[in-house]
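Just so you know, the protein sequences line up as chains A, B and C, in that order.
All the letters of the first sequence, read from the start, carry residue numbers 9 to 144 under this note's numbering.
All the letters of the second sequence, read from the start, carry residue numbers 5 to 114 under this note's numbering.
All the letters of the third sequence, read from the start, carry residue numbers 496 to 596 under this note's numbering.
Bear in mind the hints are in silico, worked out from the structure with no lab data behind them.
All values reported here derive from a predicted model rather than from experimental measurement.
Mixed in with the good hints, there may be bad ones.
Okay, derived cross-link-like pairs now, DMTMM-like style, lysine to aspartate or glutamate, Cα gap no bigger than 25 Å in a straight line [unchecked claim]: (1) 81/B / 114/A; (2) 92/A / 53/A; (3) 66/A / 61/B; (4) 81/B / 46/B; (5) 73/B / 12/A; (6) 71/A / 18/B; (7) 73/B / 15/B; (8) 120/A / 103/A; (9) 81/B / 116/A; (10) 77/B / 103/A; (11) 87/B / 84/A; (12) 73/B / 114/A; (13) 520/C / 578/C; (14) 73/B / 84/A; (15) 71/A / 15/B; (16) 109/B / 17/B; (17) 73/B / 35/A; (18) 66/A / 529/C; (19) 99/B / 82/B; (20) 76/B / 112/A; (21) 92/A / 137/A; (22) 575/C / 96/A; (23) 109/B / 116/A; (24) 87/A / 67/A; (25) 14/A / 96/A; (26) 81/B / 111/A.
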Amino acid sequence: MEDDVKKFLYVNRKAPYGTIYALEALEVVLIGAAFDQDVSLAFLDDGVFQLTKSQDTKEIGVKNFSPTFRALGDYEVTKLYVEKESLDERGLTADDLQEIMWEDEDDDWAEKPSIRIVSRAEMADVFADQDVILSF
Amino acid sequence: MSYDVNGQTVETDEEGYITNLSEWTPDLGAVIAKAEDVDMTDEHWAVVNFLRDYYEEYQIAPAVRVLIKAIKKSLGKEVGNNKYMYELFPYGPAKQACKIAGLPKPTGCV
Amino acid sequence: MATLHTVNKSPFANQSLLSCLAHAKDGDTVLMIEDAVYGAASGTGLADAMAARSGVNLAALGPDLAARGIATERLLAGIKAVDYAGFVELAASHDRAQAWL
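Take the sequences, apply the hints, and build the full model.
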């Protein structure tokens, strides 16, 4: 079976509420998680805005889906690559992002961080390492 | 479709999921369970309450395997296994339990 | 004879906000709404371009800032957060409105 596992990367480049892309990507990730593939998510350009803390959409009448990123660990999606240059250009640091953890069943349910801050060059390597890339 | 609970009418979609999530009460959960032919026990309520807590925290209803894994962790493997969960909710632990819990149908459930 | 300019796209995704700022006259107001409010935060690569247009009044829509987790303290100096009623007041107090879509 191990041979059938492919590396899937979902690329997120859009801010969360101005368009439907970000929410659609998240739904596809959750549904796709049932297929037991090796899934990673990449956040670059305006996509890094999806992961920011303290989003409160009460007054704009759309659903705040940012808490759902914290459920990804339950779906065995534990690799969220975030590009440092994209954060820098937007005046953000890792501290502006939500804490997203996953529980490692093989390590006595130890909590481990899902977000990995990478450079633009490292992000290019992440892309080059995939079997399938899905862009949103 | 709609449910009647304590003299109030609660609207649902064509499959019986309530449309306004904030209208849910345990009394309504019991009414939906009755319509689904489910006799609610403590185990049923534990699952329903888990689903509601999960939705509150993450804004989604969990997929069935996520639900079973979590129930196994919190209530033990006697309850947290596929067979027992389907005994509790014959039409699917995620689908039917979500309906009783007043949540939308889980993502990925057709 | 002032104009209210509204911009609704992220300034990191396209040039609308920069083009708007380049065309706005002294005394005009540029109101950032929807994804454009990301341009209202301090510490971004755009801060200098925003500060350079000191004759233009800058505002951002509060509900859109809150939705995106941008606290009022993080706004660039000189940018005013307005609520929906404030948006209406701006529309009423300017001679015309131009939407930079």
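Hints versus structure:
1. Under the criterion of a C-alpha separation no larger than 25 Å, the hint pairing residue 81/B with residue 114/A is consistent with the structure, at around 17 Å.
2. For the given pair, residue 92/A sits about 10 Å from residue 53/A by alpha-carbon distance, which is consistent with the 25 Å threshold.
3. Annotation: proposed proximity of residue 66/A to residue 61/B holds, straight-line Cα distance about 16 Å (limit 25 Å).
4. This hinted pair checks out: residue 81/B and residue 46/B have alpha carbons roughly 16 Å apart, not beyond 25 Å.
5. For the hint pairing residue 73/B with residue 12/A, the CA-to-CA distance comes to about 24 Å; that is within 25 Å, so the pair holds.
6. For the given pair, residue 71/A sits about 22 Å from residue 18/B by alpha-carbon distance, which is consistent with the 25 Å threshold.
7. With a CA separation close to 32 Å, the supplied pair residue 73/B and residue 15/B exceeds the 25 Å bound.
8. Taking the CA atoms of residue 120/A and residue 103/A, the gap is near 16 Å; set against the 25 Å cutoff, the hint holds.
9. A threshold of 25 Å between alpha carbons decides the hint, and for residue 81/B with residue 116/A the separation of about 17 Å falls inside it, so the pair holds.
10. Taking the CA atoms of residue 77/B and residue 103/A, the gap is about 31 Å. The hint is violated against a cut of 25 Å.
11. Distance hint between residue 87/B and residue 84/A is fulfilled; the C-alpha atoms sit about 22 Å from each other, no more than 25 Å.
12. With a C-alpha separation of about 14 Å, the suggested pair residue 73/B and residue 114/A falls inside the 25 Å cut-off, and the hint holds.
13. Between the alpha carbons of residue 520/C and residue 578/C the distance comes to roughly 24 Å, so the proposed pair stays at or under 25 Å and holds.
14. For the suggested pair residue 73/B and residue 84/A, the alpha carbons sit about 12 Å apart, so the restraint of at most 25 Å is met.
15. Distance restraint check for residue 71/A and residue 15/B: the Cα-Cα separation of roughly 21 Å lies within the 25 Å cut-off, and the hinted pair is therefore satisfied.
16. Between residue 109/B and residue 17/B the alpha-carbon distance is near 11 Å, which keeps this suggested pair within the 25 Å criterion.
17. Restraint check for residue 73/B and residue 35/A: satisfied, since their Cα atoms lie roughly 20 Å apart, inside the 25 Å limit.
18. Restraint check: the Cα-Cα separation between residue 66/A and residue 529/C comes to about 14 Å, which is no more than 25 Å; the hinted pair holds.
19. Proposed proximity of residue 99/B and residue 82/B is supported: the alpha carbons are some 21 Å apart, at most 25 Å.
20. For the given pair, residue 76/B sits about 15 Å from residue 112/A by alpha-carbon distance, which is consistent with the 25 Å threshold.
21. For a cut-off of 25 Å, the pair hint linking residue 92/A to residue 137/A stands: about 19 Å separates their Cα positions.
22. With a C-alpha separation of about 24 Å, the suggested pair residue 575/C and residue 96/A falls inside the 25 Å cut-off, and the hint holds.
23. Using a Cα cut-off of 25 Å, the hinted pair residue 109/B and residue 116/A is violated, with the two alpha carbons roughly 32 Å apart.
24. Only pairs whose Cα atoms come within 25 Å are accepted, and residue 87/A paired with residue 67/A is rejected, the gap being roughly 32 Å.
25. Distance check on the hinted pair: residue 14/A and residue 96/A sit about 32 Å apart at the alpha-carbon level, beyond 25 Å; violated.
26. Restraint check: the Cα-Cα separation between residue 81/B and residue 111/A comes to about 18 Å, which is no more than 25 Å; the hinted pair holds.
Going down the numbered hints, you'll see the structure goes against 7, 10, 23, 24 and 25, while the others check out.
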